[in-house]
Every structure is written in structure tokens, then in C-alpha cells.
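In order, the protein sequence lines correspond to chains S and V.
Going by the numbering used here, the residue at position 137 of the first sequence is 137; the numbering climbs one at a time, nothing skipped.
Every position in the second sequence, counted from 1, becomes a number in the numbering used here once 1000 is added.
Because the hints were derived from the structure by calculation, they are not lab data.
Please note that a few of the clues may not be correct.
Said to hold, decoys possible - Each computed DSS-like pair below joins lysine-lysine, with the alpha-carbon atoms no more than 25 angstroms apart:
hint	chain 1	residue 1	chain 2	residue 2
1	V	K1016	S	K175
2	S	K111	S	K161
3	V	K1016	S	K173
4	S	K161	S	K27
5	S	K111	S	K27
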Amino acid sequence: MTAVLRDLPFLEVADEVSVGRERVPLKAYQIIVWVSLSPSEVLELPPRAQCFPTILDTGHGHRFSIQDRQLTQWAGLDLRGLPARDRLRNGGRHVPVHTANLWLHANVRGKRDDLSDSPPCLVRLDRGIAVYPGQDGYPRLPLVGLGTLVRNGLYLSLDPKRCVVNRRTQDRKTKLLHWLR
Amino acid sequence: MIELTREQREALRAEKPPAVLDPGSQQTYILVRREDYERLEHLLKPDNEATAGIAPGILRSQQAFWGDLPELLAQNKLRGEWVCYYGDDRVGIGSYEGLIRECVRRGLRRDEYDLFIIEPHARPPWEPEEIDGGGHEVDDERSFDRLSHA
């Protein structure tokens, strides 16, 4: 088992998060996870790859959504290097879906914005990433959907008393219990 | 528009699906009702609105995967595995990373191949999926209360 998020805190009040020189407001109860993106043929994330905050949004119907501006400025990627593979419809509008790999950064236990030195975890995106035109301002922060966790066999647990979440890969006990069912 | 004679109409009723032969070119045509054609039209035109913007090599790979999917699903041991197509050619079945490495080793460009999980799919990969975007935000507890009691 590999713990990816360790006692990652979320707040019950509004807050903000810094991305480069930008300070982005956060609403209460938003779970922030730090990620990187790469072209899908990149299987080892370069050490200098840019990382940025996203909202873990279990109500989001796609795997990963981001504004084109955020893709360029926050992820440091050129859309021309990510071929289009699909489109989706959100509220009647078509949004292009591009190939990419998502990398999840482990946090320092108990710290939301301090990242651990351990290598980031590759998250395979079977449906690619939706890239929204920036003029609409949606999504305000990139969104990671529940399907991404499910498709990558990641376990998520939430401790409401301490307001923390933990995410990990499958451990031996879980494998055994799954096999016995 | 070509109008059918009574004899032709009766001949067509007897055959399902109705076929018409052009004796000059020996070309056979299958007749379908307009409503049926309009339902199928998007499948016949790979460059229609549904597929606009998709890299042609990726689209061909998706169509090949879609054609093979019933055969792949018939083999239970393959379910949950990744499969990669380079146009009509199946690169392989295995892990995501292994298949990507194989494509890189072959010198394939990323817009020429695509990868899929072998599992039942509700629709072809190139057809747009309708999603709920989520990300519904409220400013604070008081505004949440206002929404709840509206």
C-alpha cells in the first residue's frame, strides 16, 4: 500500500491558495490536492514539472477539467502537444478532451500545501482531460472527479472530526477482503 | 428524387433490406428509410460534428477498438486490461505504461494511437459524453442556509 495523501486537511471556512503569484480564493469544505500534468507519453515526471492545486470534486462528472489558461500558466503545457481525443457536453456546450497524464503529489502529513519529497503518483486518465476556454472562468480551480480515483484503484477516507482526508492505493488486507467477498 | 413504380415498390417489400442493382455499373444499393438513415448518418461520416477536432489517427484507433470490443469483452480475463490501437492495428494488451513504452519504442506519434480500458462502453469513444460539471460553489454557511430554505 502507498499512502498518497496523509491527513490532508480541509477547512470549514473560506481560505485561499497560492499558485505562483496568484492567490485563488477557496470556499469552505473544498479538498485541495496538488497535481502536475504531462503529455501522456511521459512516464517519468521531470523534477522541474510545475505543480498546481485542484479541487477533489466527487460531484464532477469527468476525470479532470481545467481552463486553457490554467493549463498554460499553471501546468506549463502547450495544448498543441496534447492531441484531442474526444469531446464532452457540459450544459449544452461542447468541450474538447485531450490526452494527458495526471500526477498526484503526496503531501507532508497534516499539511495541505507542503509537498513530500516522494515521487508523484501517476494517475491514468482513460478519458483524458477536458480543457475549457478561459473566458468563462470555469472551472475556477481545476477539478479532479471521483472517476479518476475509481479507475486508478485509489482509496479515499475522510475523518470528519479532524477534517482530514487520506488517499492510498490498495493494501494487502483490502485485496484479501475483496477476494473473500 | 427517383420515384418508384408500383412494381418496384412491391419488389422492394419482398426483400429485407431492399437492394437495388444498377445494371450499368453492377453497383448494389441498400435502401433504408430516411428516418433510419438520419439515425445512422453520424456513423457513416467520420468527420461529422461529433468527431470534429479529434486527431484522425486517434479517431481511426477508436473506430478499430469499437469494432473489436465485443470480441475483447468475450474474453473475461482481458476485462480491466488496457488495449492500444495504432489506426487499425492493435499494438497490444497489457499495462498502460507498457503500452505507452511500446508506442514510444516504435516511434509512434501520440496523435496516431489511443489507449482504452477493456470494459463495457455505453457509447463509441468518439461520441461526446454528457457530464455534470460539478464545482457548484457557495460563498459561506449563511448563503448555504439561504439556498437551503429558499
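So, going through the hints one by one against the coordinates:
1. V:K1016 <-> S:K175: violated (53 angstroms)
2. S:K111 <-> S:K161: holds (16 angstroms)
3. V:K1016 <-> S:K173: violated (58 angstroms)
4. S:K161 <-> S:K27: Measuring from Cα to Cα gives roughly 19 angstroms; hence the hint holds.
5. S:K111 <-> S:K27: Judged against 25 angstroms, a Cα distance of about 18 angstroms means the pair holds.
Comparing the model with each earlier hint shows violations of hints 1 and 3; every other hint is respected.
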